[in-house]
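The working numbering puts the last residue of the first sequence at 451; the count rises by one with no breaks.
Since the hints were made in silico from the structure, they are not lab data. Please note that a few of the clues may not be correct.
[Unchecked claim] The calculated label-pair distances, taken between Cβ atoms and stated as ranges, are:
1. 222 <-> 24: 38 to 44 angstroms
2. 128 <-> 24: 24 to 30 angstroms
3. 239 <-> 274: 48 to 54 angstroms
4. 164 <-> 15: 55 to 61 angstroms
5. 83 <-> 15: 19 to 25 angstroms
6. 81 <-> 13: 34 to 40 angstroms
7. 328 <-> 105: 38 to 44 angstroms
8. 111 <-> 401: 20 to 26 angstroms
9. 240 <-> 274: 32 to 38 angstroms
For every residue, glycine included, the Cβ atom is placed at its ideal position computed from N, Cα and C.
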Amino acid sequence: MIDVKLLREKPELFYSSCEARGFGKDLLDKFFILDRKWRELLKQVNDLKHEKNELSMRISRMVKEGKDVAPVKEDVVKTSALIESNEAELKIVEAERDQILKQIPNLIDESVPICKGDENNPFMKFNGMASVYGEDVEAFLKATNGVGKYNVIDYRPMSHVDLQEKLGLVDLETAGRVAGSRFYYLKGRLFKLELALINYGVDFLSDRGFNVVEPPLMMNYESMSKATDMETFRESLYKIEGEDLYLISTSEHPIAAMISNEILAPQDLPLRIAGFSPCFRKEAGAHGKDTKGIFRVHNFNKVEQFIFCEPEKSRDFHEELLRNSEQLIQSLGLSYRVINFCSGELSVLNSKKYDIEAWFPSQGRFREVVSASNNTDYQARSLNIRYRTSDGHKFVHTLNSTALATTRILVAIMENFQNREGTEIKVPEPLVPYAGFDTISS
RNA sequence: GCGGGGAUGGCCCAGUGGUACGGCGGCAGCCUGCUAAGCUGUUUCUCUUCGAGAGCGAGGGUUCGAAUCCCUCUCCCCGCGCCA
Numbered sequence: 010m011i012d013v014k015l016l017r018e019k020p021e022l023f024y025s026s027c028e029a030r031g032f033g034k035d036l037l038d039k040f041f042i043l044d045r046k047w048r049e050l051l052k053q054v055n056d057l058k059h060e061k062n063e064l065s066m067r068i069s070r071m072v073k074e075g076k077d078v079a080p081v082k083e084d085v086v087k088t089s090a091l092i093e094s095n096e097a098e099l100k101i102v103e104a105e106r107d108q109i110l111k112q113i114p115n116l117i118d119e120s121v122p123i124c125k126g127d128e129n130n131p132f133m134k135f136n137g138m139a140s141v142y143g144e145d146v147e148a149f150l151k152a153t154n155g156v157g158k159y160n161v162i163d164y165r166p167m168s169h170v171d172l173q174e175k176l177g178l179v180d181l182e183t184a185g186r187v188a189g190s191r192f193y194y195l196k197g198r199l200f201k202l203e204l205a206l207i208n209y210g211v212d213f214l215s216d217r218g219f220n221v222v223e224p225p226l227m228m229n230y231e232s233m234s235k236a237t238d239m240e241t242f243r244e245s246l247y248k249i250e251g252e253d254l255y256l257i258s259t260s261e262h263p264i265a266a267m268i269s270n271e272i273l274a275p276q277d278l279p280l281r282i283a284g285f286s287p288c289f290r291k292e293a294g295a296h297g298k299d300t301k302g303i304f305r306v307h308n309f310n311k312v313e314q315f316i317f318c319e320p321e322k323s324r325d326f327h328e329e330l331l332r333n334s335e336q337l338i339q340s341l342g343l344s345y346r347v348i349n350f351c352s353g354e355l356s357v358l359n360s361k362k363y364d365i366e367a368w369f370p371s372q373g374r375f376r377e378v379v380s381a382s383n384n385t386d387y388q389a390r391s392l393n394i395r396y397r398t399s400d401g402h403k404f405v406h407t408l409n410s411t412a413l414a415t416t417r418i419l420v421a422i423m424e425n426f427q428n429r430e431g432t433e434i435k436v437p438e439p440l441v442p443y444a445g446f447d448t449i450s451s
């Protein structure tokens, strides 16, 4: 949720932020109408309650003095009736106003480019040495502003879909029968490689000051709605039938909610948490996209980074999260580019977001493997996560970033490190000690 | 699932129908060679010019008035049962 006081004080900030996101100004206009009415009603109700409290106290004194309180009681009853009707109206207006308020998006950071469309997300940097099939060179260079480094290869590597089929590493057909599309059985060494990735990611973050947790995989409506936004609710989340429970779509949400309604001591900050969990997503808006293989699936595993920090420092910590994620991707030998999200593509919670997109030579393009967001105080305000300062209690800033989303990284490994014949996959060096093998073959 | 106990401000804790006690911690000030101690004030949210309202796990109810009485629910602790 945004800061209502700031909205009242500096509405122009929100009008320009909403405009940059491509939201109309209707939402804000509606808010101000309702808020004005709400404040009027609140004043009325509070004044009436004051009156009632005074009368009650008078009764208290009169009882002690042994006087007849019946007439005063009648006054209180009348006042109470008035309060009841005014308060009912207040609650209606308040609910309407809050409904609007929840939809007002976070203020965007100054450094966010004003644009729209995923394809326009500006390129930030490239790292690595990509293997690029001849006819993809042009697209590769365009995607990296001409600065991407690459080796031209004279064959197109197999897609992970074909490769995993050929090497017997994934069983999609059985998963389709047992569960449905976008499910999978990971088998043998590919499964062990996933465990290696998880352990590697957890150790990596643990070494960098993150406390590691495995969160609950389900959340109730109240916590979930505060940790996320309606878009996620509508498009991503699975609900458990007959229970007030939703499967998490990322450990970001239960980690964020971990310290809801708490007031942290300043020395607790920054609080770095790394979580590991399966993630469940409906992918309702993705019909027809990545329908084969394990690139886009209904459940996958993910190591996630999360930071709670002081507001002034969140920009720096956003860079730290990106740096950690980059180092992980680099260490696996993958080449990638970083993009800065367009104002028009940010989620309601985001103030700023970077994506890391790895190069997939078989597809001839960069695909998202990491998403690093600064949600500033938006999530913290909804979840009521504050810290103590000499100037009162303030909301922390929250940030999150993918460390390793296992299925996507496995796809990247399969598509980047297969041999020319498509009979063997080389295991990235840092994973070898975790996996206990250095190649995967049939 | 059954029985018993519990939830009060950042933390601890008192409070059996008359408008939340005290301590610790935090912050500010005073005092003091320095530190510590001591003293004073302050400490949540909302609307505000003053000021007021709300707040005792959540939601209802009774009452002129509820932390207190009644109902429903949630979570935690102890015991029993079941169980990977």
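Here is what the structure says about each hint:
Evaluation of the 38 to 44 angstroms hint for residue 222 and residue 24 yields a pass: the beta carbon distance comes to about 39 angstroms. Our hint of 24 to 30 angstroms for residue 128 and residue 24 holds, since their Cβ atoms are close to 27 angstroms apart. A hinted range of 48 to 54 angstroms for the beta carbons of residue 239 and residue 274 is inconsistent with their spacing of about 33 angstroms. Range check, residue 164 to residue 15: about 57 angstroms between beta-carbon atoms, so the 55 to 61 angstroms window is met.
At about 45 angstroms, the CB distance of residue 83 to residue 15 disagrees with the hint of 19 to 25 angstroms. Take residue 81 and residue 13: their Cβ atoms lie about 38 angstroms apart, and the range 34 to 40 angstroms holds. As the Cβ distance of residue 328 to residue 105 is approximately 40 angstroms, the hint placing it in 38 to 44 angstroms holds. At about 25 angstroms, the beta-carbon gap between residue 111 and residue 401 stays in the expected band of 20 to 26 angstroms.
In this structure the hint that residue 240 and residue 274 lie 32 to 38 angstroms apart at CB holds, the actual value being about 34 angstroms.
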